[in-house]
Amino acid sequence: SAVISQKPSRDICQRGTSLTIQCQVDSQVTMMFWYRQQPGQSLTLIATANQGSEATYESGFVIDKFPISRPNLTFSTLTVSNMSPEDSSIYLCSVSDGNYGYTFGSGTRLTVV
Amino acid sequence: GENVEQHPSTLSVQEGDSAVIKCTYSDSASNYFPWYKQELGKGPQLIIDIRSNVGEKKDQRIAVTLNKTAKHFSLHITETQPEDSAVYFCAATSPGGSYIPTFGRGTSLIVHP
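Taken in order, these protein sequences are the chains called A and B.
For what it's worth, this note's numbering labels the leading residue of the first sequence as 6, then goes sequentially.
For what it's worth, this note's numbering labels the leading residue of the second sequence as 10, then goes sequentially.
Keep in mind that the hints were calculated from the coordinates and are not lab data.
Bear in mind that the values here come from a model prediction, so they are computed numbers and not experimental data.
Incorrect hints may appear among the rest.
[Unchecked claim] In the BS3-like style, the derived pairs of lysine-lysine whose C-alpha atoms are separated by at most 27 Å in a straight line are:
#, chain 1, residue 1, chain 2, residue 2
1, B, K46, A, K12
2, A, K12, B, K51
3, B, K51, B, K66
4, B, K46, B, K66
5, B, K51, A, K70
Bound-form chain B, shown alone (with noise of 0.2 Å):
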């Protein structure tokens, strides 16, 4: 089955800062990877995702870039603010799962005033 690596798993920067998080994947056939933001209290929320088709996508502040010959995948989040602190988790998906995501262990971003 499919194997997500995320790193790093604890990332703390000063706010105006840009932080980027890195993910890995195993299996070559997964073709959807998105990105969740968890806050304190709350679940997962989808913020950005990039299909296979794409090597980057951005909206606003954040960004995602595909690797799909590497299997690797990056968020990138630029001007952080003290609101993006949470736990950020990558997330891959292939047809051969039944497009149930297969999630890595989560980076906690803490974001500095």
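This is chain A alone, in the form it adopts within the complex (with noise of 0.2 Å):
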């Protein structure tokens, strides 16, 4: 399965700030996928990024707070954008196995202070 590098790792952050989250695979991937695990909660998929194409969001999530960039077949971005307290998470990246199961990184514990 693909290996993915996420970074940072954990980021404490200014509210009003705005900070991108990195997400490398070691192979070429034709969907890249965001998510968000706020405490104690779920992982809440943010969206979809497709190589040339703009991203497609989930419902209550919009490209002005996360913007994602998808130049290549093994690069994205998310950034999370004029952030409060509320965005405090951790942020994941994953890509499909291929077989219905998900590669993960190591996810970004975002703190908005």
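Using the hints, build the complex out of the two chains.
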């Protein structure tokens, strides 16, 4: 299965600022997925990122708040914009393993103060 | 859309005991049910899965059962060890959801030595 490198692993940010999270995969993949995991909660899909097209956002998530880039088949970034304490979460990128299962990055633990 | 309920939210057992985590799903079209284990500071990792044409699957100390009629599936861990301590997530996927998993809220399993 693919190996995903995600960074930063954690950050503490001031409210009103933005943070860009990077996700690098060791093989080419068509779709990359970004999830949010709030404390004690499940994994919620933010968006699906396809190379060469705009990301597809799930209900409740908008491009202005969570812009995504997908410049090639091995890399994607998620930006959390104009942050507030409510954005404090773990953010995870993920790719399909080709058999309906998914491989996840190690996550970015974001704290907004 | 799909809705996955997972119970219990926390499970505390003594080393050597068995642990059972249960999930129910709402979409009768769901046909793939993975289980993920998330250790502290890491992303979720697929540990076992089951497809809708199978009622049970085992892999060493872990097993998953599926009751399609009742729309519920369970994870069974026997002879638990301290290293089994983690958060476990069930998920359900369906063709209608483009095989993107819908996750349960997670179960924090604590195995006491």
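Violated hints - listed by number, lowest first: none
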